[in-house]
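Asker: Throw the hints in and build the complete structure from the sequences for me.
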Amino acid sequence: MIWEIKLATLIVMIACAVAAINVRDLLGAAILFGIYSFMMCIQWLAMGAVDVAFTEAAIGAGISTVLVLAAIFRTTRRTKD
Amino acid sequence: MNTFLEPLVSHFNYVAYIAIMMIGLYAMAAKRNLMKKLIGMGIFQTSIMLLYVSIGAKEGASIPIVAKYAETISPESYVNPLPHVLMLTAIVVSVATLGVALCLVQVIYKQYKSLEEDTILDKERS
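Here the protein sequences come in this chain order: A and B. Oh and the first sequence: position 41 is 41 in my numbering, straight run, nothing missing. Oh and the second sequence: position 95 is 1095 in my numbering, straight run, nothing missing.
A portion of the hints provided could be inaccurate.
Each computed BS3-like pair below joins lysine-lysine, with the alpha-carbon atoms no more than 27 Å apart [as the list claims (entries may be wrong)]:
1. B:K1110 to B:K1123
2. B:K1113 to A:K80
3. B:K1068 to B:K1058
4. A:K80 to B:K1110
5. B:K1031 to B:K1113
6. B:K1123 to B:K1037
7. B:K1037 to B:K1110
8. B:K1113 to B:K1123
9. B:K1113 to B:K1037
10. A:K80 to B:K1031
11. B:K1037 to A:K80
12. B:K1123 to A:K80
13. B:K1031 to B:K1123
14. B:K1110 to B:K1031
15. A:K6 to B:K1058
Hint data in this document are derived by calculation from the structure and do not stem from the laboratory.
Answerer: Structure representation (structure tokens):
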């Protein structure tokens, strides 16, 4: 049961990483990066590292996404690549 | 064929670690937008954390918390908590580097009115 969760979250993580660096909208890239961090949090929960999991959920998926969103709203949303 | 393929299947964490690290390295090296470079840096840091936590994990072990009235403590029934502690520090360092880098990006945008690397270099030369 556990290794199916690990494999599924790893596949979603790789898909989110590829999509986050290829999407043409920086707001969408920030949201995809947040989904990537949350999938990494589930991965660590399945691996038995609970302290790393809740630190990642608070800092990686929470504060990092908010910081990137604030920087995008202060600068620009458009990108060429 | 089977002896070559079996470690890849049983250690698929490491295969995914290599793939994610190469995605982050490509984004840091080849993307021209500064915010895309920062997202690539975050992906790269998270892949290193995945390697370390994968080293400490083992099959059929529980989380490293000892019950209050446990009579015997057997270390082989818990996952190794030492990489977890190191990676807690790495997560905090990663959010600190991300904050400083976003601050620099905002200053660069205020001066050059763009986040693209080639536009910034053109304005730098002229």
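Asker: Compare the structure with each hint and give your call.
Answerer: Verification of the supplied hints:
no., hint, in the structure
1, B:K1110 to B:K1123, "13 Å, holds"
2, B:K1113 to A:K80, "14 Å, holds"
3, B:K1068 to B:K1058, "23 Å, holds"
4, A:K80 to B:K1110, "19 Å, holds"
5, B:K1031 to B:K1113, "18 Å, holds"
6, B:K1123 to B:K1037, "20 Å, holds"
7, B:K1037 to B:K1110, "18 Å, holds"
8, B:K1113 to B:K1123, "10 Å, holds"
9, B:K1113 to B:K1037, "18 Å, holds"
10, A:K80 to B:K1031, "10 Å, holds"
11, B:K1037 to A:K80, "13 Å, holds"
12, B:K1123 to A:K80, "17 Å, holds"
13, B:K1031 to B:K1123, "19 Å, holds"
14, B:K1110 to B:K1031, "21 Å, holds"
15, A:K6 to B:K1058, "13 Å, holds"
Hint compliance for this structure: every hint is met.
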